[in-house]
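**Student:** Residue-level listing of the chains:
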Amino acid sequence: MDKKWFTISVYSENNVGLLNRISGIFLKRHVNIESLNVSKSEIDNVSKFTVVNFITEETAHKIVGQIERQVEVIKAFYHTDEETIYQESALFKIASDLLFDERQIQNIIKESNAQIVTVAREFFVLAKTGRRGEIDEMHQLLKPFGIMQFVRSGRIAVSKAEMPITALLNEFQEH
Amino acid sequence: METTREKKTEQSKTNTIKISGAEAIIHCLLAEGVDLIYGYPGGAIMPVYDELYKFQDKLTHILTRHEQGATHAAQGFARVTGKVGVAMATSGPGATNLVTGLADAQIDSTPMICITGQVPRHLLGSDAFQETDIIGISTPVTKWNYQITHAAEIPEIIAKAFYIAKSGRPGPVLIDITKNAQFEEFDFSYKPCTRIRSYNPVPKPDVKAIDIAASLINAAKKPFIVYGQGVILGQAEEQLKALVEKAGIPAAWTILGLSAMDTEHPLNVGMVGMHGNYGPNVLTNECDLLIAIGMRFDDRVTGSLETYAKQAKIIHFEIDPAEINKNVKVDIGVLGNAKETLELLLPKVKENSHEEWHNLFKEKHEIEFDTVIKNDLFPNKSGLTMGEVIEEINLASKNKAVIVTDVGQHQMVACRYAKFNQTKSNITSGGLGTMGFALPAAIGAKMGAMDREVVAIIGDGGYQMTIQELGVIFQHQVPVKIVVLNNDHLGMVRQWQELFFEKRYASTVMVNPDFVKIAEGYHIKSKRVSERNDLKATIQEMMASKEPYFLEVKVEKEDNVFPMIPSGASVSDIRLK
Numbered sequence: 001m002d003k004k005w006f007t008i009s010v011y012s013e014n015n016v017g018l019l020n021r022i023s024g025i026f027l028k029r030h031v032n033i034e035s036l037n038v039s040k041s042e043i044d045n046v047s048k049f050t051v052v053n054f055i056t057e058e059t060a061h062k063i064v065g066q067i068e069r070q071v072e073v074i075k076a077f078y079h080t081d082e083e084t085i086y087q088e089s090a091l092f093k094i095a096s097d098l099l100f101d102e103r104q105i106q107n108i109i110k111e112s113n114a115q116i117v118t119v120a121r122e123f124f125v126l127a128k129t130g131r132r133g134e135i136d137e138m139h140q141l142l143k144p145f146g147i148m149q150f151v152r153s154g155r156i157a158v159s160k161a162e163m164p165i166t167a168l169l170n171e172f173q174e175h
Numbered sequence: 001m002e003t004t005r006e007k008k009t010e011q012s013k014t015n016t017i018k019i020s021g022a023e024a025i026i027h028c029l030l031a032e033g034v035d036l037i038y039g040y041p042g043g044a045i046m047p048v049y050d051e052l053y054k055f056q057d058k059l060t061h062i063l064t065r066h067e068q069g070a071t072h073a074a075q076g077f078a079r080v081t082g083k084v085g086v087a088m089a090t091s092g093p094g095a096t097n098l099v100t101g102l103a104d105a106q107i108d109s110t111p112m113i114c115i116t117g118q119v120p121r122h123l124l125g126s127d128a129f130q131e132t133d134i135i136g137i138s139t140p141v142t143k144w145n146y147q148i149t150h151a152a153e154i155p156e157i158i159a160k161a162f163y164i165a166k167s168g169r170p171g172p173v174l175i176d177i178t179k180n181a182q183f184e185e186f187d188f189s190y191k192p193c194t195r196i197r198s199y200n201p202v203p204k205p206d207v208k209a210i211d212i213a214a215s216l217i218n219a220a221k222k223p224f225i226v227y228g229q230g231v232i233l234g235q236a237e238e239q240l241k242a243l244v245e246k247a248g249i250p251a252a253w254t255i256l257g258l259s260a261m262d263t264e265h266p267l268n269v270g271m272v273g274m275h276g277n278y279g280p281n282v283l284t285n286e287c288d289l290l291i292a293i294g295m296r297f298d299d300r301v302t303g304s305l306e307t308y309a310k311q312a313k314i315i316h317f318e319i320d321p322a323e324i325n326k327n328v329k330v331d332i333g334v335l336g337n338a339k340e341t342l343e344l345l346l347p348k349v350k351e352n353s354h355e356e357w358h359n360l361f362k363e364k365h366e367i368e369f370d371t372v373i374k375n376d377l378f379p380n381k382s383g384l385t386m387g388e389v390i391e392e393i394n395l396a397s398k399n400k401a402v403i404v405t406d407v408g409q410h411q412m413v414a415c416r417y418a419k420f421n422q423t424k425s426n427i428t429s430g431g432l433g434t435m436g437f438a439l440p441a442a443i444g445a446k447m448g449a450m451d452r453e454v455v456a457i458i459g460d461g462g463y464q465m466t467i468q469e470l471g472v473i474f475q476h477q478v479p480v481k482i483v484v485l486n487n488d489h490l491g492m493v494r495q496w497q498e499l500f501f502e503k504r505y506a507s508t509v510m511v512n513p514d515f516v517k518i519a520e521g522y523h524i525k526s527k528r529v530s531e532r533n534d535l536k537a538t539i540q541e542m543m544a545s546k547e548p549y550f551l552e553v554k555v556e557k558e559d560n561v562f563p564m565i566p567s568g569a570s571v572s573d574i575r576l577k
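In the order they appear, the protein sequences are chains A and B. Using the working numbering, you'd call the opening residue of the first sequence number 1 and step up by one each time. Using the working numbering, you'd call the opening residue of the second sequence number 1 and step up by one each time.
Bound-form chain B, shown alone (with noise of 0.2 Å):
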């Protein structure tokens, strides 16, 4: 008998302690290996931020100067390291600031969490301070949402929030806890949570899927390779690499494609899509073989559906069942993990070169450097270009930073001409095109990687968005690099204008602060650049810096971005200028 007690006891204090709800969420972050989290407080979540004060040596919080920027500092952070980001709010407005982020990692698959405070269970639907519907809000952009109402159900809830944010097709998870649940005790164990029944993120891979897709790639003549960030989050880097080594596959990327491969692999064709390269589009057109790995055929990569590759069998590797057929009909869609099913397509594929088909790349890459790359790149004109910023910046980090991008002209520049020889270090507002992306991000990628050097490069527009952020930069001295690409516009916008609304420029003229005074204020060392002789020198003094550093670059104002795929033409009618 007595025994039996002691052994009671002694189980009871191992596996459950009575703790209140706020410390059982640190507990179960604790468990979930994070240490570091984004956020901002307010009355529904002040007892979570109480405990937060008692953990600080265990959890770090930073304090963004906006929710929006904490769901992008997270997101940075989960890009660049692959791990679950956290990020922390109140409820009402502090919760629907969170809405954007949620969206954004949605639609780019990013692993993220969002907590939420709520108002006390009893005041739920009667319109209470601060209250906010932010399960219903949040429901078309999250991959899953939940709403505790008591401490109880917190560790199987935040460990079931865990296993769903990272499994399968990674997607963003809002946890919305009432303030009389953080307040409860209970007695608190956990465990992670390893699957759910009605959940099944990695598809088994189809052998004879696979079979049927090796004698199709040993058949082709003109195969050819889209890769998106299924591989990098699939972690298929080296098997993507082997195929396109061993069947001597010319590869393109997706915009979040990019940095899964390295930029100078002879094989590595270029950027597909709206303002990708020239030959990899149209050239789209042309091969008899498209083999799309962890893609998900965008409106920005296709362009008219209608004479989208309709010459070539398409073979599609995807984890998630719902994007195969779901704007491109395919021949083949491979179901699973892309290292798995790679893995497996890998010994049946036979070698190759392709000699003749990839020498139609180069021939289009060389009219597109004579037209486009080589005025970019090196302009002979007196005003910057977007185009040689970025090739500085591949200059000085010799190919190896992580490079942050927000959306517009620049982004596009970045993503056609920014070098890397490492993944997961093209970190950019893909799917969503979410101005104000980039400067929050860059302090999550930088947090996430300390290691390596992070650049930020925001156009003037997307950069007053977010700009608030810098506070968090001076704040924790992030040694980020953030370089404004100035044009006194919101220059896509602009283009468009000129080229699609006969130059009516309503509302894209950008009457701009001094950005470097800006930078001055928050005590970060910065510095403007308008002059071609100036450029080289500073970038190398920006990239050699240990601190974090703002450097403005003033370019050309009515400059546009080519090639370029008017919206809804078809890949193969891409414009040089």
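Excised from the complex, chain A in its bound form (with noise of 0.2 Å):
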């Protein structure tokens, strides 16, 4: 079975060490985590966990299903990305006096739909929001001027289809 990209979600109770738990099943089968996530998600008190990895869909079966199997994980999901719309931000930390000297910085800024977050006298702050391609080359333009730091958030991912927590939770309530 061919390896691919999945975004596997996990809706979960906001406890202490449930990241560990999670992550310790990746860890269990040898999987590098790509990129995580965890914030708040649509329901009140319940944790959402955005995990890419690459692999094939028999390993990310099994490792939802493990997951599931923790006493606090509502519920997971795994998705391909045809399956999701998902995003990344990145900041780039860049010295103010190339926004000046260099022109091709600012046609970068306009073609890439960057936002300028801040400028400072030392330096600016450019924000990227796009998928990994689009920050990917973003960061080859701006590499050759000099970049002082970068940093890359993981996906955030929301399935085309329905995750059906609230109607689990419903349940739940009525037992």
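Among the hints, erroneous ones may be present.
Stated by the list, open to error - Computed list of lysine to aspartate or glutamate pairs in EDC-like fashion (alpha-carbon distance at most 16 Å, straight line):
| # | chain 1 | residue 1 | chain 2 | residue 2 |
| --- | --- | --- | --- | --- |
| 1 | B | 326 | A | 68 |
| 2 | B | 329 | A | 57 |
| 3 | A | 62 | B | 320 |
Bear in mind the hints are in silico, worked out from the structure with no lab data behind them.
Please assemble the complex out of the two chains, which come individually in their own frames, going by the hints.
**Tutor:** Here's what the structure looks like:
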């Protein structure tokens, strides 16, 4: 079975140690996590893990099963890139004088739809949101001028299909 | 006004009392019906031990000689009773010594709770004396774990711990309690936990899946059941027997399924797996329907997955959704507690006998009997075999004993030849293969079933891993029977070296002490047998003894366990010699 990019979404309680428990399942199978994001979800007091991996569907299926087995996990899903809408964010810190000395940088900013977050005497900060490839491309373009700092977030994603967590929680309430 | 206030005071009297966290822990354990725990004290758990001292008439604490012994004793207790076993230890090394037992309980689905002391909250993360991150360490080997840093959390967390440990697919839970939380006082009240919103321990049986399973069973010409511990944990022994008898299906056990069904039942055809019986293994690859009940297709059961039961349709009765299609792709998974699902299945299954198919198992048994079993049980060489010792124990116990085994050759021999007519009677470390398991597990098993005979069968290697627990047997006069099958080798590893490493016996020859003298040092009645003529009478004497009894049997040094599926080979390529 071919490896593909899979986005694993985990809805869980917001408890100390759960990140360790979930990441341990990837560790146990010797799977490297490509990107990880933890945030609140659409439901109050329910956390959402978004984990991206380059794995076979079979592995994705088994990992999701073993994640769901954890007591504090409500439900987990896996999706291919085609089945999700996903983005990442990046920040570039660049020396301020370049903004004036290198005309090309202004063009890069315009063409890439990046935002200038702040301009200070010493540096300015660019924010770019998009797919991994777009951010990588911008990184390549800016690299020759010198990047003081760079950081990229984990992937955040929503699935095109429904992830019926609310129904699941309601069902629990009714019991 | 006056009445309301009176009412309130009364309410607080009945529902809450101000006590320390340490005392609260004892009340929680008592509320969960615990009257026996195993453990080892130390700095960070001393407030709890101080309360144990005060409550010793209600809650017995057994001081094991090592924390690992406490976990295995708790496991032995849990496996024989079906209740949650409880072990306790201090922080740091006390806590890390629990890890093997936790891992063992995790992989063998044993309900156990470990309570550890921890440094005070304000010292967490500071590398304080005897501080270790036991939550981080135990996460992969626990079903759930939690660190309590305030006394007020104690009742809810301990209630949750018991619920999680025993419900659904059982497992170990570790609760780490900082010392400040043990001292703190709070208003105590206890309510057992009955559900957790993120946790669905027993999936509801799917009637459609059961219908499909029934139609596959009714259409099968050569159906074959492999049952595991899920039958015992789900209390589905009667339902399994009813299914086997109604549909006339030969059934084989996995190592942990053993004793779920009477070993003498004519349709109970033996053990599957690496050292299982010839027929059940070979015919796994000839059946047309494989019905797996409460088992998880461990690699020691399946051998090579590429050639495992490829010709057969497969039904998997299982409580844990993550196990379905994990190792073996199945045609239909039936989720749920085995008792419930089998009960729904039974009326839909037609009566059958499958005589011809069953005869194939008998034929294979005859082949195995002539080449292996005969020589194991009725040897005509001078050296004693492990098999004949087990057979004598069967005869002396009338198949009624609880047999606790360690790991290695003696374990495989015991699980092949020990006979059982009661469930929850085979206690062994199956999944993890923990040498040193048997002696402490036998202590727990005996204390959980004082009315039953408990026989620990141990190799000379594993025995020395937890031999210090003889101290518990001596101190509390726990009347277990300890049989060490001594071949002066790490026998199973030696067997592999002989077969697969050209007899390079690297570190498998044991230079052993005088085991009888060691037992005598603990004032345990002990004997050594090296001659066949003495075996029967000594085993009868041991079984008749009302006291703890140690028996060393000097067995043949270089015997091998057969049949054997070499690692990674197909079940049908099982070797008889």
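**Student:** Determine for every hint whether it applies to the structure shown.
**Tutor:** Here's how the hints hold up against the structure:
Note on residue 326 (chain B) and residue 68 (chain A): the hinted pairing holds, with a Cα-Cα distance of about 14 Å set against a maximum of 16 Å. Between residue 329 (chain B) and residue 57 (chain A) the CA atoms are separated by roughly 14 Å; this keeps the pair inside 16 Å, and the hint holds. Between residue 62 (chain A) and residue 320 (chain B) the alpha-carbon distance is near 12 Å, which keeps this suggested pair within the 16 Å criterion.
This entry satisfies every hint, going by the numbered hints stated previously.
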